[in-house]
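Protein chains in written order, with the working numbering: chain A, 1 to 381; chain B, 1 to 381.
Just so you know, not all the hints are guaranteed correct.
[To be verified] Derived coverage of chain A by chain B (criterion: at least 3 residues anywhere in the stretch with Cβ under 8 Å from a Cβ of chain B; other residues may be distant):
id, region
1, 2-10
2, 216-226
3, 331-340
[As the list claims (entries may be wrong)] Derived CB-CB ranges, DEER-like:
id, chain 1, residue 1, chain 2, residue 2, range
4, B, Asp119, A, Gly316, 30 to 38 Å
5, B, Ala53, A, Gly123, 35 to 43 Å
6, B, Gly237, A, Gly344, 29 to 37 Å
Keep in mind the hints are simulated off the structure, nothing from the lab. Cβ coordinates follow ideal geometry from the N, Cα and C atoms, glycine included.
There are 2 protein chains.
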Amino acid sequence: MRNFTFHNPTRIIFGKGGVARLGPEAAAAGKKALFVYGGGSIKKNGVYGAASASLAENGITVTEHPGVKPNPVLDHVRAGVEKAKINKCEMVIAAGGGSVIDEAKAIAAGAAYNGDVWDFFTGKAGIKDALPIFTVLTLPATGSEMNSGCVITNEASKQKFSAGSSRLFPRVSILDPETTMTLPEKQTAYGAVDALSHLTEGYFSAADTDVIVTDELVQALARSVIASTGRILKDPGDYNARASMMWSATLSLNGLQSVGYGGVSFTGHAIEHSLSALYDIAHGAGLAIVLPALFKRQLEKTGPGRLEKFGGAVFGTKTAGETIEAFERLFKKIGAPIRLQEAGIPASAIPKIAENAMGLIKLWGINYDRKTVEEILTKAV
Amino acid sequence: MRNFTFHNPTRIIFGKGGVARLGPEAAAAGKKALFVYGGGSIKKNGVYGAASASLAENGITVTEHPGVKPNPVLDHVRAGVEKAKINKCEMVIAAGGGSVIDEAKAIAAGAAYNGDVWDFFTGKAGIKDALPIFTVLTLPATGSEMNSGCVITNEASKQKFSAGSSRLFPRVSILDPETTMTLPEKQTAYGAVDALSHLTEGYFSAADTDVIVTDELVQALARSVIASTGRILKDPGDYNARASMMWSATLSLNGLQSVGYGGVSFTGHAIEHSLSALYDIAHGAGLAIVLPALFKRQLEKTGPGRLEKFGGAVFGTKTAGETIEAFERLFKKIGAPIRLQEAGIPASAIPKIAENAMGLIKLWGINYDRKTVEEILTKAV
């Protein structure tokens, strides 16, 4: 078990009616907020109304920044930074899924910086400061509501890159499972795939594999994600399953899921980011395609041990091959694609995807060359 | 799944050589510290030397407050508060196990208060402020290093009471598993019992039992505690097992272990505190006696469901009765007493213990009368 530091200062307000607490919490950070959201689903599910009312009641004036895309783009981030600066916003409030929260984080960092916000994503500059961030989560998936990272796509350069800083932990995140009751099946499924990817990417790339406690936690969270999703797809109105799914997804990328493993690699994410940067598919859909292929590669290169252990604990399978099959069966069952063609991506695109992926792979220090990435993608044909 | 708030701001520095980081971390809080420790084991295992050197190198002057007892007592807390006030200490540093950390927390609160520190334990006053707290943990068990509570014994009134406040979260806790390598078998075993008690008290008293994610986490941590302890007792020099045990015990009472359960009761702790207040036995030993008796009572009153679920996931047992037997077998195997007589406590003492326990049971709002407590203790004969 390797040395680690763990510090997660985000305050979580979890449960029914939580949105009403946004205003009182945010009031501690000032009087002017940039309010970031997406395509308007929060207007249908009542979150927009409840959040706006709570902010107004607590004397907070809002500059709206709607229109965040599912894969949030740099131009829109830059526009948000401008708005925040011009309106002298003292905080950024996000209401939506991981994309909205990621964009809010990028804006919060950009608003406290004199250069171009993309500098943080290319490594040209580090994030030294950021406006306080408050979030209302409406889609369990990315874990962004309780971590310090964000992912933004530069449409011009076709780069989907990440940035992180302890300044980006949301100060408060409000998780009300009732806001997720009307989520479409696809989004529920993709959220589950994303949470499982956060759990497995660390587990299968751990530099140190003798970490009883973290292995147990990862396996437990994976079982919880799978069981909760199964219940939700049977009965979308199952509040307790929605709640377990929401908290499981948060815990799947809040830092706990990889402590003690030493170096871990997010290779699946690095490759998937290219799929969604080039084809604008849902992150969870891309991961369902990439992960089984990546696991097959890991089985060839590092042996069956970890796949066997995970599969035994989570699926009740016996061999590494059966574990990979169980993942594929699960993804198919919940409605996610598991091959490139199912997402409309031809095998002939593999060289282009691999070339694009090398950007993040190098930036994240992953020891894979382009040929290896092509080999992995070929397993997803 | 019930509503909850989760916020745990303690920074954890985990791993080999961590003690050297005490001084740089503490320096952010000032130049004068009260240094709290126990009977001198930290002088044998090198922690005292390393911590003192790190503090001195970072310009921190120390007032020592040694001699904390395994069940820390109020008079010694009061003496610490006096020292901290007289020497104008800006922080409290604890090096030791849960008792030392608990006393340091009580002193930190008392030093920022004009009345008697015992007021916080009887409910006469709430903790509004406290000096910053830094800890170096040397005994995995209580979880005090990453939570906001503390337990102190008033020897005069024979009351072992608790206090809590968000101001009592340690600012930084340093967990170096190497400092636990020389722990006696008994302390390793009692630590494991304590961690298991923190996990099971919530699990078995949950007001809401449809919480997939927390059930999974509790079961995972219990398996980790049991597996780690088994390896440690076979090979006390097994670093990775020591490390997993240390982190498991911390996570077993940092708040995660009961979120969503709604009301949980620490009935086993309430009864055990009387055993150790009256007989000064180790907390873990007392818990190993009380818990199986409490589980037998719960089986009679609330049915087999939770015991069956936990046992199936942790011990591979089938019935609730088998789960209780598995706990008893485990406690015996690791060297903990499971009956009052084994700790030298006669059955004739039960009325006196039950009477004492009613103090905490009322203070914590547990709906048990004295007769019920006597019935539970009778099952431990």
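Structure-based check of each hint:
| no. | hint | in the structure |
| --- | --- | --- |
| 1 | 2-10 | holds (count 9) |
| 2 | 216-226 | holds (count 7) |
| 3 | 331-340 | violated (count 0) |
| 4 | Asp119(B) with Gly316(A): 30 to 38 Å | 54 Å, violated |
| 5 | Ala53(B) with Gly123(A): 35 to 43 Å | 37 Å, holds |
| 6 | Gly237(B) with Gly344(A): 29 to 37 Å | 57 Å, violated |
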